[in-house]
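Q: Listed below, chain by chain, are the residues.
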Amino acid sequence: MAINNSEHKYVIETRDLDIYYGSFKAVTGVTMKVERNAITAIIGPSGCGKSTLLRAFNRMNELNASTSVRGEVTFNGQDIYAKEVDPVEVRYRIGMVFQKPNPFPKSIYENIAWTARIHGYKGKMDELVENALRQAALWDEVKDKLHQSGLSISGGQQQRLCIARAISIKPEVILMDEPASALDPIATLKIEELMQELKKQYTIVIVTHNMQQAARASDYTAMMMLSGEGERSGTVIEFDDTKVIFTNPKDKRTEDYVTGRFG
Amino acid sequence: MAELTIKKAEKKASTINLRRKTRLGEMIIQGLLFFSGFFSIFVTLGIVYELGKEALLFFQMLEVNLVATLTTTEWKPHIGKFGIWPLFNSTLMTTLIAMAIAIPLGMSVAVYLSEYASPRVRSILKPILEVLAGIPTIVYGYFALTFMTPILREIFGRDVVQIYNTASAGLVMGILILPLITSMTEDALSAVPRSLREAAYGMGATKLEVALQIVVPAALSGIAAAVIVGISRAIGETMIVAVAAGAGPNFTFSPFVGAETITGHIVRISGGDLSYDSVDYNSIFALGLFLFFITLVLNIISQWIVRRFREVYE
Amino acid sequence: MKEKAIVQGFTNNLNARNRNGVIWHVIFQASTVVGIIALIALLFNVINGAFGYVAYEARVDPDTLTVDGVPVGEQSKEQLVSLLQSTLSNGAYNKLENEKPFASRSREEIYQLVIERIIRPQVVEVWNLWPSLTQSDEIRATVAKDYPKAELEFVSWLTYDFISRPQTSEPLTAGVRTAILGSLWTILFTILLAFPIGVGAAIYLEEYASENWLNRIIQTNINNLAGVPSIVYGILGLAIFVRALEPFTSGKMFGIVNLTSENGRTVLSAGLTLGLLVLPIIIINAQEAIRAVPRSLRNASFGVGATKWQTVWSHVLPNALPGILTGTILAVSRAIGETAPLVVVGASTAISFDPSSPFSKFTTLPIQIYQWTSRPQDEFRSLAAASILVLLVLLLSLNASAVLLRNRFSRRF
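Protein chains in written order, with our numbering: chain A, 1 to 263; chain B, 264 to 577; chain C, 578 to 990.
Since the hints were derived computationally from the structure, they do not count as laboratory data.
One or more hints might be untrue.
Unchecked claim - In silico DSBU-like cross-links for lysine-lysine, where the CA-CA straight-line distance does not exceed 35 Å:
(1) A:K106 x B:K470
(2) C:K581 x B:K316
(3) A:K25 x B:K316
(4) A:K122 x B:K389
(5) A:K9 x A:K33
(6) B:K470 x A:K143
(7) B:K389 x A:K199
What the hints assert, rightly or not - If you want the ones that stay clear, here's a sample from chain A, every Cβ over 12 Å from chain B, calculated:
(8) D16
(9) E62
(10) T74
(11) E89
(12) F98
(13) Q99
(14) K106
(15) V142
(16) S168
(17) D177
(18) T188
(19) R261
Unchecked claim - The following label-pair restraints were derived from C-beta to C-beta distances:
(20) C:L591 x A:H8: 31 to 39 Å
(21) B:V384 x A:R117: 52 to 60 Å
(22) A:R117 x C:E580: 48 to 56 Å
(23) A:H8 x C:R983: 39 to 47 Å
A virtual CB, placed ideally from N, CA and C, is assigned to each residue, including glycine.
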């Protein structure tokens, strides 16, 4: 597991990606590229498949038995849905932070240490934990209570703990599924600042329903909407630099959405 | 004009009728229902009183040699020998053997059902477990005597394993208790929220790691409760040991010989000619009271564990 | 700098982890398979015991009892009675007459007596189903050699006769009718006690009880009673119903003097004891059913000014009824299979008469199984196996109807 595999400019690429729940096509024909060390946002009205698309990047949607995928998702050029690919390996290199903070009911220290340990970390654990907590801008706040439960800290701190946990194993990409939607504005701001720091080392893809957040924090934006087959399937209707999406979008629907005319 | 008068009259009439009516029927019914609710208290009081009364008579006979009761190993009440260990020891042995089967197997099945099995497999397995749980214990007793004992005798030799032995009874008791442990453990595992599993999978954990290192520890209090309830069940189990474990108290550590348990003893004594107020009669009550309190204490402990250590997930 | 050290600290352990995963997956599956095998073994074992070859010898050859060319199997009631009279001793004949006058017995019953007392087939050996099917030739040879006088027959111990005949001490003529009727009579009283009180308690706890210490104790008490071993209920029943309430349970209080039982060990005592045992089950299940009734239904009723009882009786109970009934059926299943408490209360070991009143002596199906299992001779095992099949079929139909009930009514909501 490397940090910067600069062979590929685009860490994740999709081509004509369809995602099915059973026979229901939730996402249609998504073709996009995620640039390394950048923040890519996926925005759109609720229910249009943003989370579904995000979870396809680390094969998390497979936890639902009936999900299937057509098309291609590649990670550094390698198809992650190939038969010989182990989802465990994919998730090792593509980490995830969830909408509602979900630290393990273990100590703050153990939340991170366990994660590193299952991936065979044999080095100095204290250093790894401190490193991760520092990178997540949480170290100063919890350094004196590392052995308290991960659930004993505030919501915003829990979410940063989850970020620390995710980056402790040095993935290349961090997927964030509306990471601040359950947090108050101050905590939200802290997360956004953190993201700007993290992108120096990691690639970030973030799903958000908060347009201002996308406009502020991201470099590229994918606009998703329900307009695939029969208006029930989500698809990316526009993908461009964030500046373009928010000031001069090419698709009228995008313009309607970002100016708040609907959604 | 006329309308206003009518309305005024109506209003006057309606204000009178808001006063509370004494509804005798409602009160009687409420009383009956309260009695029904309180009835269960009578049952418990009845158990404690009736069993305690006779048990007291029994203990009065014992007062002389309480020390002997706890230290000797012969239970022959009619000649004055009250060593409790044969019966207790046998109960302990069957319980241990039963739990040695039921706990590992029961928990494995529960983990399998909760974390691995597809919905179709679950829909087949759960009814099978319910069937196992619903088979009357006398049928298990028959099974122990006619199937398990011959097999044990084949494996270990006919001269080693007697026809009546605690191993058979213990093993079959384990099968009896297995569904109980499985269902309680599975409930505890299911109560662990999805978000925890997602977090673990998201960190790149394998299914085994999620199951054993995240889910099971998060459900520990429920699992502990399941084990304790299982033990309580094993202690109180009667028919399997009555049929297969042997008649007659016997203090031994070998699982291959017959040794009567507390429950088996009660059944044998009461199945024969029993005269009221004999030593044997009173001993039933003392033993019954003991069983009642032990299982009560165990059940209370299991409930306390769940309450006190209920895992906080969010 | 630290970063690099950390990155290097990770070892490649994916293969080991996956290997571990496979091993434990197999362990979990194997445990499940063990459970399934246990169930199959149990069923096969019972079936194995309930069918097979029987070699039996008759004490008196039935052919010698032919009268005027009419074989004994087809003789009339009068012929059979005279046969009994001439063969049995006066004392034995009169005893039978006293127990139940010959005039009031059916021809079948008298024929059974002839078989039992005169012909008296004795079982010499019994084989289980598996050996019977696989070693029939060897068995035939053995019987021809060792028991030349014996008849060899492939028998299903479980037959219609088995269910309809009363219990006797002769294995070949024994039936479980007495036990089945005993079970049914017992359950009747169990339900009469436990259903009203149980549902009443559930209604009280769910609809009327406020949050105070007394009601909390009541609820805890019920939960604890559900975990008390069944034998303790038996001891309680012995002390209260059989002994303390003897005038009531033996019928003396009502002036009924029962020749067969002069104490409190009656069907009534048995039923009441089991009633106490299943009471917590009914209460807990009924509570769940009542709790499942949506709040909006109650609100609608109160909203139009109905009283609490009117609401409960007309709206809550009908809605909760399927769940309550399901719980009751489960409780009945439990009660039918109970053995230990009834042994303590005093089931009879040797009765052959169907219970005719609440104050009759009793035996039940599980108790019959227990007694037959405890006899050393193999033929009694076979009887036990056949009775187990009857019991299992009974329970299966009960539980199936509970499941059907649950499914049929849960679809509505």
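Q: Taking the numbered hints from earlier one at a time, note which ones the structure violates and give those numbers from smallest to largest.
A: Hints 2, 3, 4, 7, 9, 11, 12, 13, 14, 16, 17, 20, 21, 22 and 23 are the ones this structure does not satisfy, whereas the remaining hints hold.
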